[in-house]
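Number of protein chains: 2
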Amino acid sequence: MFLDTTKAVLCDIGGVLYVGNTPIDGAIEAITKIKEHYPIRFITNTTQKTGSQVVEKLQELGFDITEDEVITALDMTKLFLQNHQSNAEFLLTDNVMDFFDSLKEFPTHYVVVGDAQHNFSYENLNSAFRALLKGSQLVAVANNRYFKDNDNELSMDAGCFVSALEYASGQKAELIGKPSKEFYHLAAASLGVTPSECVMIGDDIEGDVLGAQEAGIVGVLVKTGKFVDADLQKGIAPDLILESIAHL
Amino acid sequence: MFLDTTKAVLCDIGGVLYVGNTPIDGAIEAITKIKEHYPIRFITNTTQKTGSQVVEKLQELGFDITEDEVITALDMTKLFLQNHQSNAEFLLTDNVMDFFDSLKEFPTHYVVVGDAQHNFSYENLNSAFRALLKGSQLVAVANNRYFKDNDNELSMDAGCFVSALEYASGQKAELIGKPSKEFYHLAAASLGVTPSECVMIGDDIEGDVLGAQEAGIVGVLVKTGKFVDADLQKGIAPDLILESIAHL
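Chains as they are written, first to last, in this note's numbering: chain A, 88 to 335; chain B, 88 to 335.
Just chain A, same shape as in the assembly (with noise of 0.2 Å):
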């Protein structure tokens, strides 16, 4: 079994540990019961929320997690842009908008697609592909399908917008969330193993699963969240399926 070898978890966050506003039954103890035996990063591709309000509301919800265990898809994107000395014009909603103002003094060589919600606009969005246009590269948040939204259906997620831009412009966005190898090697090196060291526990069986499997990482299914038994008639293999986390 891969957990003889496992010395640490990556776990996805929202459709894992709570959807909409509700903790799933039995993931705060499941989170406390993990963390006696492994390291843990909780990764996300969630744009909506910055690591220190995502935090907030996990602590809101009762879960014991800190700011130091939390890597954000958006955390990466700075540390990207920052790397390429950069600003950016940001399709994002307005609440992690001042998360880059540290950014203002560079040139914008970017246009960054996260989950911008109802700034997803038509004029917000030609906007950036006439960025596009002029030069700017497409810098893909997340390239997620959809998510459970919190009147409990799925609503469409970034990657839709960003699929949108890249048909629009003949670009090929750089993909900084998950299933970037990049962003599952960054989370296993922050724990101080290697991925193959690592277990990943998520219920997007394409981004967490068959992301994680594909950077060496073992994929473990939820079935809560965005899960659907669809998702199983997809050919992808997860190393485990659990009903939830409440199962591991």
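Among the hints, a few may not be true.
Any copy, or any two copies together, can satisfy a pair, since identical chains are not distinguished.
[As the list claims (entries may be wrong)] Okay, derived cross-link-like pairs now, DSSO-like style, lysine-lysine, Cα gap no bigger than 27 Å in a straight line:
1. K259 with K321
2. K165 with K235
3. K165 with K268
4. K321 with K221
5. K144 with K235
6. K191 with K310
7. K259 with K191
8. K221 with K235
These are computed hints drawn from the structure, not numbers from a lab.
Put chain B on the given structure of chain A with help from the hints.
Leaving out everything else, chain B in the frame of chain A:
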């Protein structure tokens, strides 16, 4: 020269006859001249206007064009839905919505995407996505990447949002407008000629020129409208390239 075997002409409208609200230099005279020698159909993926609205604009600009000479992707979409006895959830601009009123008696089995412009809100797109999840089929009135907007810059066109919904839903849209072969073949048939006896004139090297060629029609590119020099690096060989339709 292919003009020896040409018996009829197909011609795109936006970008070939006019840009914004200005006729291309010499286009009005060129159309009059062509019509002295060949029967003609003006075929357009424009979804922001119905056929009669298109003709009205062309006549206002000074073109001698009648409604029976114009075939729009919206006309073909209505025919498609009528044949399937179905209504649809429409992503279109407000001014063409009542064009589909006669379908209201039918149940809704389709999501129809045209160039909805500011109706491409997150809310409307997400509603379409959810309809697709519940079993509706995705229909693209057009799949154009961009068009030359009134401010003389390129703007995102219907195809970008078709791409977003395809990515979200995993469905492949059924295309009604150019470059679908059915559209080209029906346009040729309406002129009583075979595809190989037709010449297609357009400013879109993919949708107009390559699309026509793949339907067995001679493809002529004009360097007006959305044309940019980079189009000639796409590995597509137009049968003829003209500075504008006035040079035919």
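Hints, verified against the model:
Both within a single protomer and between protomers do K259 and K321 lie at most 27 Å apart by alpha-carbon distance, with minima of 24 Å and 16 Å respectively. Within a single copy, K165 and K235 get their C-alpha atoms as close as 26 Å, which meets the 27 Å cut-off; across copies the closest is 34 Å, which misses it. For the homomeric pair K165 and K268, the shortest alpha-carbon distance inside one copy (17 Å) is at most 27 Å, but the shortest distance between copies (46 Å) is not. Taking the shortest Cα distances, K321 and K221 sit within 27 Å of each other only across copies (19 Å), while inside one copy they are farther apart (38 Å).
Only within a single protomer do K144 and K235 lie at most 27 Å apart by alpha-carbon distance; the minimum there is 17 Å, versus 45 Å between protomers. In this assembly of identical chains, K191 and K310 lie within 27 Å of each other by CA distance neither inside one copy nor across copies; the values are 42 Å within and 39 Å between. When the C-alpha separation of K259 and K191 is checked against a cutoff of 27 Å, the pair qualifies only within one copy, where the shortest distance is 25 Å, while the shortest distance between copies is 40 Å. Proximity of K221 to K235 under the C-alpha cut-off of 27 Å is restricted to the inter-copy arrangement: shortest distance 15 Å between copies versus 35 Å within a copy.
Consistency note: the structure conflicts with earlier hint 6 alone.
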